[in-house]
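Start from the sequences and build out the full structure, keeping to the hints where you can.
The primary structure of each chain is shown beneath.
2 protein chains.
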Amino acid sequence: MDLAKRFKQNPLLKPADLEPSRAGMVIECLLNPGVFRFQDMTWLLVRVAERPVQQAGHISVPIYNDYGGIEILHFRKTDPDLDGSDPRVIRYKGKDYLTTLSHLRLVCSPDGKVFHEPEGYTPIFGKDKLEAYGIEDCRVTEIEGTFNLTYTMVSALGVGVGLIQTKDWNSYDRRGMIFPPHNKDCAIFEEKINGKYYALHRPSSPQLGGNFIWLSESPDLIHWGNHKCIATTRANMWDSARIGAGAAPIKTSEGWLEIYHGADADHRYCLGALLLDLNDPSNVLARTEFPLMEPSEPYELKGFFGNVVFTNGHLVKEDTISLYYGASDEVICGAELSVKSILRTLLIK
Amino acid sequence: MDLAKRFKQNPLLKPADLEPSRAGMVIECLLNPGVFRFQDMTWLLVRVAERPVQQAGHISVPIYNDYGGIEILHFRKTDPDLDGSDPRVIRYKGKDYLTTLSHLRLVCSPDGKVFHEPEGYTPIFGKDKLEAYGIEDCRVTEIEGTFNLTYTMVSALGVGVGLIQTKDWNSYDRRGMIFPPHNKDCAIFEEKINGKYYALHRPSSPQLGGNFIWLSESPDLIHWGNHKCIATTRANMWDSARIGAGAAPIKTSEGWLEIYHGADADHRYCLGALLLDLNDPSNVLARTEFPLMEPSEPYELKGFFGNVVFTNGHLVKEDTISLYYGASDEVICGAELSVKSILRTLLIK
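Protein sequence lines, in the order shown, are assigned to chains A and B. The opening residue of the first sequence carries number 1 in the working numbering; numbering runs sequentially from there. The opening residue of the second sequence carries number 1 in the working numbering; numbering runs sequentially from there.
It cannot be assumed that every hint is accurate.
When chains are identical, the list treats them as one kind, so a pair holds in a single copy or across two.
[Said to hold, decoys possible] Dumping the calculated SDA-like pairs for lysine to any residue here, alpha-carbon to alpha-carbon at most 25 angstroms:
| # | residue 1 | residue 2 |
| --- | --- | --- |
| 1 | 5 | 21 |
| 2 | 192 | 252 |
| 3 | 302 | 242 |
| 4 | 167 | 339 |
| 5 | 317 | 122 |
| 6 | 95 | 234 |
| 7 | 340 | 54 |
| 8 | 8 | 268 |
| 9 | 129 | 283 |
| 10 | 228 | 112 |
| 11 | 14 | 282 |
| 12 | 5 | 171 |
| 13 | 77 | 194 |
| 14 | 93 | 268 |
| 15 | 8 | 18 |
| 16 | 93 | 237 |
| 17 | 340 | 304 |
| 18 | 192 | 176 |
| 19 | 8 | 118 |
| 20 | 14 | 303 |
| 21 | 95 | 289 |
Calculated directly from the structure, the hints in this document are not laboratory data.
In C-alpha cells form, the structure reads like this:
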C-alpha cells in the first residue's frame, strides 16, 4: 500500500547533472536533500558524495586535512592490511575510511521539479576535525527567519550531529556538535512546545539499545537534554533493523506527523509515519504498520546502494506534502503524499 | 611505576558487608563509588550489584517492571535460544539482559577508612523505563551546595548518562538523561569556566569512532552541547581499547588534572591522567604515558571481573588525593596519590 505519487520527472537530479567540487574528484552519488522555501523558490540542500579519480590497482579515498584541503590516501588493492569489501567504507590497519567524501550543495527551482545550481551560493564543506570524513544528510528547519541545518558530522572520532545556522544562505554560523556519537537523523521541530525546542534524533549503540528514534529538549537549539526513546525497531517487520526521523514533524490537528525511514536486515529502506501528541511529543499516539512508501521504481531498486527510499526533507501546503528523497543512494527524486491519507492510515485501529 | 599508596585497610568494603536490598536477592559485587564530603564525614555512593538467588538449571535475571518493583526472568540453561557465556550479560532471542541489577547506596566514615551505612538514608534505585536494568557508577560533583550525581542509566533502550540533584541526600530531583546512548563515565567540573559548565563523558560507537573521552558545555547542567573529542585510545598501549573519565577534574596551577581509566583488549583496567588547559579544557596539555596505578594486589587481580582498578571518586586536600576505587568489579578500596607527583610525571618531556 504505497501512498506516494512519484513525480513523473523522476529522477530530478543525478550525479552527472552537477560538476565535481574540484579537479581530480568524481561525483559518485547525490543523496538525501534538506528542503526549504527561500526567495519564492523551492531549494534543496543536496548531499554530494565524491570520490577521487581511481588509479589502477588502488583504492583512493579522500579526507580533509587540517588546513581545509583534501588529501587523497592511496591503498594498494593487494595490500593484506586492506579490507575493501564494502563499497562505502574500507578498513586499513584497524582504522575505517569512507570511500566517498560528502559536502552539501544548494540547488533551486521555481516549480519544485526542475532544479538548477544558482550563481553566488557556495557549497558547504566539512571544515573541522570532527568533519574530516565529510558532512551528510542535512535537515533544514526554519524558525523565525533562521534556517537551522542539522547534519551528520563524520570523522575517525565518530559520527555525530552538527548544527549550522543561517539567515541568508551566504554566511553560516557553525554551532558545533549538538548530539555526540553515535548519532544522526536529527530533525528539529519548527516551533517551541511549552517553551522548549524539541528535536528527534537517532543514537546507535554497540551493545544494549539499538537504532531507535529519540526525542530531546533544548532552551536554545545548541544545548540538548531530557533524552527519551520514543520508538524502537520492530522485529520481523520492514523497520526491524533501524529507524530514523525524516524532516521536521508536520503539525496537524491530530498531532505531530513524522515521516520516518525504516530498514530491515537486508538494508531495504522504506518510509513510515509516527503521530506524536501535540502537547507532549514523547507520547506516541500512532505508528504505521505498513510502509507509506517502498522501493518499487527502477531508480529506487538499483543504484549505488539499491532498494532504498530515504527522505529528510519536504514542503507542506494544505493537505499536500511535496516530499524529496534519495533513491538507491544515487539520485534525487520527488513524490506527493496527502496528510489526510496518512492520518487515516494512522488512526484506523 | 605505580604512584598509588594503597590503604592498609583494603578492601574497605566487600559484598558481605552490606545487606541485600530485598529478600530473594544476593549482593554479587560492590563497585566504583562516587565520593563526597557531607556533615564533616567522607561519604561513598556505592554501586551495589545484586542478582536473584539462582535456581538449579536456570539463569535468573532481574529487571525493574513498570511499577517500580523487581521482576525476575528465568531462563533454562539448556534453552538453545540462550547465550549465557558472559557472566555480566546474557542474550536471549536477540535481546540482552544484565545478570545483575545495580542500585546506589550511601555509606559514610569519620576517617575515610572505616565505613558504615547510616540510618535514615534510603538507597537510590532505578525507576524509569530508561533505568529498567539499573543505575551504575555515579560521579558526585558539588557545585554551590548542590550535589550533582551523574550516573549510568541502563535499559534495553540503551545506556546513557542521567543526572540527579540533591542538597540533603534525602530528596532527589531527577533531571532525566543528559547524554543519550551510548554514553557513560560522565564527570562534571566543579566550577564554571568562562560562564559555562563543563563535563567529560564517554560516547561509544558501533562504527567509526571508538571509546574516547569527550568534553561538552552547558548553561544549566541539564542541556549539553558543543561536544568535542579530547582524548582517544592509543594503539598498543595500556589504554588501547577504551578510556573514560574518573571523577571531576582537580584544579591545579598547571591545569585541570583528570584521573581517567584505560583498558586494553584484555580488559585490564589501569588509571592514567590528563592535564587540560585551565581556560580551555578542550586543549589537552599532557597525558601520562604509563599508568599511575595498575592492578597488582590480590584483590585487584582476582574477583568478579579480575585485573581491574577503576575510579570515579576522590577527595583532595592540599597535595593529597584520597582516591576510592573498585577492584576487580567486586570490592571497594582506597589509595593516596600526590598531585605534585602526578604533575611531575605529566610535565616531564
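(request) Taking the numbered hints from earlier one at a time, note which ones the structure violates and give those numbers from smallest to largest. (result) 1, 4, 5, 7, 10, 11, 12, 13, 17
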